[in-house]
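*Asks:* Protein chains in written order, with the working numbering: chain Z, 363 to 552; chain E, 363 to 552; chain H, 363 to 552; chain S, 363 to 552; chain L, 363 to 552; chain D, 363 to 552.
Source of the hints: derived by calculation from the structure; they are not laboratory data.
Computed from a predicted structure; not experimentally measured.
Worth double-checking, as some hints may not be accurate.
Repeated chains share a single entry, so a pair holds when one copy, or any two copies, can fit it.
[Stated by the list, open to error] Capping the alpha-carbon separation at 25 Å, the derived lysine to any residue pairs in SDA-like fashion look like this: (1) K466 - E502; (2) K411 - E507; (3) K411 - D516; (4) K411 - E421; (5) K411 - Q550; (6) K466 - A368; (7) K493 - M508; (8) K493 - A371; (9) K496 - R476; (10) K411 - V492; (11) K411 - G428; (12) K466 - T499; (13) K411 - K466; (14) K386 - A417; (15) K466 - E500; (16) K411 - R510; (17) K466 - P399; (18) K411 - G513; (19) K466 - A371; (20) K411 - P399; (21) K493 - P381; (22) K411 - Q392; (23) K411 - G383; (24) K431 - F407; (25) K466 - V444; (26) K466 - Q550; (27) K411 - S430; (28) K411 - M384; (29) K394 - R483.
There are 6 protein chains.
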Amino acid sequence: MTDQTAPTALDLPPLEPLPAGMQKYFGICQDKLGMVPNVLRAHAFDENKLNTFSALYNELMLGDSGLSKLEREMIAVAVSAVNGCFYCLAAHGAAVRQLSGDPKLGEMLVMNYRVAPLDARQRAMLDFAVKVTKASTEIEEADREMLRQVGFSDRDIWDIANVTGFYNMSNRVASATGMVPNDEYHAQFR
Amino acid sequence: MTDQTAPTALDLPPLEPLPAGMQKYFGICQDKLGMVPNVLRAHAFDENKLNTFSALYNELMLGDSGLSKLEREMIAVAVSAVNGCFYCLAAHGAAVRQLSGDPKLGEMLVMNYRVAPLDARQRAMLDFAVKVTKASTEIEEADREMLRQVGFSDRDIWDIANVTGFYNMSNRVASATGMVPNDEYHAQFR
Amino acid sequence: MTDQTAPTALDLPPLEPLPAGMQKYFGICQDKLGMVPNVLRAHAFDENKLNTFSALYNELMLGDSGLSKLEREMIAVAVSAVNGCFYCLAAHGAAVRQLSGDPKLGEMLVMNYRVAPLDARQRAMLDFAVKVTKASTEIEEADREMLRQVGFSDRDIWDIANVTGFYNMSNRVASATGMVPNDEYHAQFR
Amino acid sequence: MTDQTAPTALDLPPLEPLPAGMQKYFGICQDKLGMVPNVLRAHAFDENKLNTFSALYNELMLGDSGLSKLEREMIAVAVSAVNGCFYCLAAHGAAVRQLSGDPKLGEMLVMNYRVAPLDARQRAMLDFAVKVTKASTEIEEADREMLRQVGFSDRDIWDIANVTGFYNMSNRVASATGMVPNDEYHAQFR
Amino acid sequence: MTDQTAPTALDLPPLEPLPAGMQKYFGICQDKLGMVPNVLRAHAFDENKLNTFSALYNELMLGDSGLSKLEREMIAVAVSAVNGCFYCLAAHGAAVRQLSGDPKLGEMLVMNYRVAPLDARQRAMLDFAVKVTKASTEIEEADREMLRQVGFSDRDIWDIANVTGFYNMSNRVASATGMVPNDEYHAQFR
Amino acid sequence: MTDQTAPTALDLPPLEPLPAGMQKYFGICQDKLGMVPNVLRAHAFDENKLNTFSALYNELMLGDSGLSKLEREMIAVAVSAVNGCFYCLAAHGAAVRQLSGDPKLGEMLVMNYRVAPLDARQRAMLDFAVKVTKASTEIEEADREMLRQVGFSDRDIWDIANVTGFYNMSNRVASATGMVPNDEYHAQFR
Numbered sequence: 363m364t365d366q367t368a369p370t371a372l373d374l375p376p377l378e379p380l381p382a383g384m385q386k387y388f389g390i391c392q393d394k395l396g397m398v399p400n401v402l403r404a405h406a407f408d409e410n411k412l413n414t415f416s417a418l419y420n421e422l423m424l425g426d427s428g429l430s431k432l433e434r435e436m437i438a439v440a441v442s443a444v445n446g447c448f449y450c451l452a453a454h455g456a457a458v459r460q461l462s463g464d465p466k467l468g469e470m471l472v473m474n475y476r477v478a479p480l481d482a483r484q485r486a487m488l489d490f491a492v493k494v495t496k497a498s499t500e501i502e503e504a505d506r507e508m509l510r511q512v513g514f515s516d517r518d519i520w521d522i523a524n525v526t527g528f529y530n531m532s533n534r535v536a537s538a539t540g541m542v543p544n545d546e547y548h549a550q551f552r
Numbered sequence: 363m364t365d366q367t368a369p370t371a372l373d374l375p376p377l378e379p380l381p382a383g384m385q386k387y388f389g390i391c392q393d394k395l396g397m398v399p400n401v402l403r404a405h406a407f408d409e410n411k412l413n414t415f416s417a418l419y420n421e422l423m424l425g426d427s428g429l430s431k432l433e434r435e436m437i438a439v440a441v442s443a444v445n446g447c448f449y450c451l452a453a454h455g456a457a458v459r460q461l462s463g464d465p466k467l468g469e470m471l472v473m474n475y476r477v478a479p480l481d482a483r484q485r486a487m488l489d490f491a492v493k494v495t496k497a498s499t500e501i502e503e504a505d506r507e508m509l510r511q512v513g514f515s516d517r518d519i520w521d522i523a524n525v526t527g528f529y530n531m532s533n534r535v536a537s538a539t540g541m542v543p544n545d546e547y548h549a550q551f552r
Numbered sequence: 363m364t365d366q367t368a369p370t371a372l373d374l375p376p377l378e379p380l381p382a383g384m385q386k387y388f389g390i391c392q393d394k395l396g397m398v399p400n401v402l403r404a405h406a407f408d409e410n411k412l413n414t415f416s417a418l419y420n421e422l423m424l425g426d427s428g429l430s431k432l433e434r435e436m437i438a439v440a441v442s443a444v445n446g447c448f449y450c451l452a453a454h455g456a457a458v459r460q461l462s463g464d465p466k467l468g469e470m471l472v473m474n475y476r477v478a479p480l481d482a483r484q485r486a487m488l489d490f491a492v493k494v495t496k497a498s499t500e501i502e503e504a505d506r507e508m509l510r511q512v513g514f515s516d517r518d519i520w521d522i523a524n525v526t527g528f529y530n531m532s533n534r535v536a537s538a539t540g541m542v543p544n545d546e547y548h549a550q551f552r
Numbered sequence: 363m364t365d366q367t368a369p370t371a372l373d374l375p376p377l378e379p380l381p382a383g384m385q386k387y388f389g390i391c392q393d394k395l396g397m398v399p400n401v402l403r404a405h406a407f408d409e410n411k412l413n414t415f416s417a418l419y420n421e422l423m424l425g426d427s428g429l430s431k432l433e434r435e436m437i438a439v440a441v442s443a444v445n446g447c448f449y450c451l452a453a454h455g456a457a458v459r460q461l462s463g464d465p466k467l468g469e470m471l472v473m474n475y476r477v478a479p480l481d482a483r484q485r486a487m488l489d490f491a492v493k494v495t496k497a498s499t500e501i502e503e504a505d506r507e508m509l510r511q512v513g514f515s516d517r518d519i520w521d522i523a524n525v526t527g528f529y530n531m532s533n534r535v536a537s538a539t540g541m542v543p544n545d546e547y548h549a550q551f552r
Numbered sequence: 363m364t365d366q367t368a369p370t371a372l373d374l375p376p377l378e379p380l381p382a383g384m385q386k387y388f389g390i391c392q393d394k395l396g397m398v399p400n401v402l403r404a405h406a407f408d409e410n411k412l413n414t415f416s417a418l419y420n421e422l423m424l425g426d427s428g429l430s431k432l433e434r435e436m437i438a439v440a441v442s443a444v445n446g447c448f449y450c451l452a453a454h455g456a457a458v459r460q461l462s463g464d465p466k467l468g469e470m471l472v473m474n475y476r477v478a479p480l481d482a483r484q485r486a487m488l489d490f491a492v493k494v495t496k497a498s499t500e501i502e503e504a505d506r507e508m509l510r511q512v513g514f515s516d517r518d519i520w521d522i523a524n525v526t527g528f529y530n531m532s533n534r535v536a537s538a539t540g541m542v543p544n545d546e547y548h549a550q551f552r
Numbered sequence: 363m364t365d366q367t368a369p370t371a372l373d374l375p376p377l378e379p380l381p382a383g384m385q386k387y388f389g390i391c392q393d394k395l396g397m398v399p400n401v402l403r404a405h406a407f408d409e410n411k412l413n414t415f416s417a418l419y420n421e422l423m424l425g426d427s428g429l430s431k432l433e434r435e436m437i438a439v440a441v442s443a444v445n446g447c448f449y450c451l452a453a454h455g456a457a458v459r460q461l462s463g464d465p466k467l468g469e470m471l472v473m474n475y476r477v478a479p480l481d482a483r484q485r486a487m488l489d490f491a492v493k494v495t496k497a498s499t500e501i502e503e504a505d506r507e508m509l510r511q512v513g514f515s516d517r518d519i520w521d522i523a524n525v526t527g528f529y530n531m532s533n534r535v536a537s538a539t540g541m542v543p544n545d546e547y548h549a550q551f552r
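When you get a sec, could you build the whole thing from the sequences and use the hints?
*Replies:* Next up, the structure:
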């Protein structure tokens, strides 16, 4: 972990020494990603907070789902664009570029997902995610029905709802704490 | 668990038979609360989803914090009012009435938190939570500084940010899945 | 009149002595409701203001109409929820609970009318009232036509429009003057 | 009454024959204004509705007040501009032109009240009226205090709140019923 | 040029002496319009700025187009109403009154274009212009298709888009610089 | 000009043969930029439209100004982010990366300009541009005064207003016509 910049605007230094579990986890990140994502470093002041956050993230973004990992990242970016979250747009914009192999798709989702040439299924998925983000008060059965009509199962709808919800949480935590993305993301997969 | 109504609008029946861990957890709920909250029943189709969600909830709402449990529930209600989340307003409105012993406070937070006669610290806390909910894009250092000026530590700000984020997730999952609160909440602690 | 708290944040004491007509009116309220609603006490500094306000209220809410009294109260609550009016949500939320005998319905209308299991006629009525409240600029013939299609007459539409208008007035007067609801409302008809 | 166009988009013909009281009232309008305002013709299907509406209008707009009649008309126009109410902008825009003798002032209030060269007192009055119109949820003691600081009494604040409320009602009734202003207003006092 | 009031709130005096080209241009305005529009006087501090602005204006508003000059002015007013631009509403409201010979139409477009009795083609044109003004982010092929269905060619759509864009520029320049319309506009063509 | 994709969603083919002036202009673009920007190709159906648009663009973005070229591009990006304009964010995001030599700055302005570490002068410039973009109705002398207080002259304010206005036009023309940015922009200056 060579990047020593504080991961947020809060004065919450990591545990010292880092507990063994965290040390191992961060080591794996460094090996696989070439960095420890700042959202993890931000939680390093409390082991249970890091663990519960990571467990939910892993379940939602990496667990079994009718949504591909790319589709979950697409939701992450479309939601984060509504919320203007610098951290999540940088990190998950890079993930979309990587998983899709289509850098332009990443840019479109960051800038205005409506211009992306999506099929009806993915477009309905992002329309739902964006409506849930901007106006969850107004979601009704008709909105779920539109997802079913393009082929999503009720289990898929659960996953869309939860990934959308998760980034509405993460975006707000990132903005509220002044979280900064690792510089590495900006040039990746261009 | 006598209430057999589906907890959401999705067709996601609980595991059958219920795994031992879940059965035990739901039994404890039934004993302590007189019901199994529908948000838990909604997760009963997948054990890891229930566990990761519950673990984060417990860490944020029941773990150590400079915020009292009542204050965390007050944030839950103020956030849920912005998002018009029936489930969370019913459940956490009841929690505010219970923990505060002040039914009127619960009603005020549901209806318009600005009318509640709060001290400067709690008012700043809810103003921050509501701004993060409505316009996290616009949060800046000056907003965090206002929390510090009424006595919150940076660790407290982390907790305010995360509780606020959590209900922005839960509200959206509840609305997007059509989650309904247990009827018991409505008459409690009036 | 035992509740001596000021009904608003304004320094506008009641006429002293209270004119005979007012005294009689307030006595009837006390007998029938167990209180004098603060919106009436707030007008007690000027007899003609009290009378003209009350007369319009009585005509709209209690006069002949194709809308039931409960339906008019449902409009009152749905409109007041948009405007976040503590006074009107407390008072008319209680009225919905009383007239419907369904406390959950009152909570739903306070929290998010879209979750209430209404028939098409009442749902269209509240959708119209909420659109008129949030965006009267955009109301057109097509909106009126939707009311006619679920069975409302043009006279009914007049009444929906006027009840909706009335609470858009009352909500604003209440919020602008800092009007507080009588405490009695909160626990009623739960 | 020579103008026979229906005053609203609703099929609510006037009482036939017109009751004596209404006939007299409309005759006075015709003599003094050269027309019967369509808002009165719209109520002509029900005598009590006309009377209660007119009584409140007269009390608020013509009764004793620390606000001049012009100031009350200025509020009417500034509020109606927010709500895009064609009826009220036409009718009360003409009233501002007439009472002020300053046609440009009427245009400014219709188009954007912020460009009008008002003194601090009148500007604060319209700022309050516009905030109450757009976001009454957010009105607090600090808003009332700003009115007091430019010289308004608590009784004046009551009147500002009630005139503002009244046009938030009238604007919505006019838009919801498709009320059209008499053609005479457009060219008056230019 | 007898009106010597500054055309904006900025201290940007005209070139002195006025270059011959400007002098000629302003002379023509004075002869044909009885005034030099303040938007031109505002540019008089820099000849190239005046020329490039005027050239684009003339091309869009006076050049060949499938839209009549009145239709382009109607767009100007509908857009300016959304943006609350006093300068453009005064100037182009007068133009609509002049070109249409229908003063009421001008008032309707200033106050709420939805009340104007337009044919389907012109209504679609203004709906598109207003959506582009308020929410250009959300414009998609379906919006263009609605214009084609009422008879507009793709070249017409280009012109609608560009006139709409032009007033979204001009409205903002006028408001941002405090530009004031010439007094002459207010009473014209009533 | 090797890229043969249509520059917009409209069927407006370029003049054939391309007039000599356009041919020369596009040749220069090709030589200097390695492409002909699609916004120019989109105008290639009409020589006067291309010329008047280009002349205004060149005057505002390349002419003499107290604002550096980078600052004008920063305004372009901050405005385009509010309007979600894919074309302008891609093209001017690349320009900010190029002129600043700071790819992260470009990303910040695209994603949320508030996170960029700007000095007070540039921050005030972008705050003004964003307010003019979102709410030009509300701009008043106090907003201009804030620009003067960080050192901008009235001539600078003119330029900020006009560059801001220009992109509010261009964003809307691009979105309304379905304009697509040249693919080259996405990977440039990363």
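*Asks:* Work down the list of hints and note, for each, if the structure agrees.
*Replies:* Checked hints:
1. K466 - E502: For K466 and E502, the Cα distance is within 25 Å only across copies (19 Å; inside one copy 33 Å).
2. K411 - E507: between (36 Å within a copy, 24 Å between copies)
3. K411 - D516: This pair counts as between: shortest inter-copy Cα distance 15 Å, intra-copy 30 Å.
4. K411 - E421: Both: 16 Å inside a copy, 7 Å across copies.
5. K411 - Q550: Intra 29 Å, inter 31 Å, cutoff 25 Å: neither.
6. K466 - A368: between (31 Å within a copy, 17 Å between copies)
7. K493 - M508: both (12 Å within a copy, 23 Å between copies)
8. K493 - A371: Cα proximity of K493 and A371: across copies only (18 Å, versus 30 Å in one copy).
9. K496 - R476: Both: 15 Å inside a copy, 16 Å across copies.
10. K411 - V492: between (28 Å within a copy, 23 Å between copies)
11. K411 - G428: between (28 Å within a copy, 15 Å between copies)
12. K466 - T499: between (32 Å within a copy, 18 Å between copies)
13. K411 - K466: For K411 and K466, the Cα distance exceeds 25 Å both inside one copy (35 Å) and across copies (30 Å).
14. K386 - A417: both (15 Å within a copy, 21 Å between copies)
15. K466 - E500: between (32 Å within a copy, 19 Å between copies)
16. K411 - R510: between (36 Å within a copy, 22 Å between copies)
17. K466 - P399: both (23 Å within a copy, 17 Å between copies)
18. K411 - G513: between (36 Å within a copy, 23 Å between copies)
19. K466 - A371: Between copies only: 18 Å across, 31 Å inside.
20. K411 - P399: For K411 and P399, the Cα distance is within 25 Å both inside one copy (15 Å) and across copies (23 Å).
21. K493 - P381: neither (41 Å within a copy, 35 Å between copies)
22. K411 - Q392: within (20 Å within a copy, 27 Å between copies)
23. K411 - G383: both (13 Å within a copy, 22 Å between copies)
24. K431 - F407: Answer is between; shortest inter-copy Cα gap is 21 Å, intra-copy 29 Å.
25. K466 - V444: Both ways: K466 and V444 sit 19 Å apart in one copy and 20 Å across, limit 25 Å.
26. K466 - Q550: both (13 Å within a copy, 12 Å between copies)
27. K411 - S430: Answer is between; shortest inter-copy Cα gap is 17 Å, intra-copy 27 Å.
28. K411 - M384: both (11 Å within a copy, 22 Å between copies)
29. K394 - R483: neither (32 Å within a copy, 41 Å between copies)
Checked against the numbered hints listed earlier, the structure breaks hints 5, 13, 21 and 29; every other hint is satisfied.
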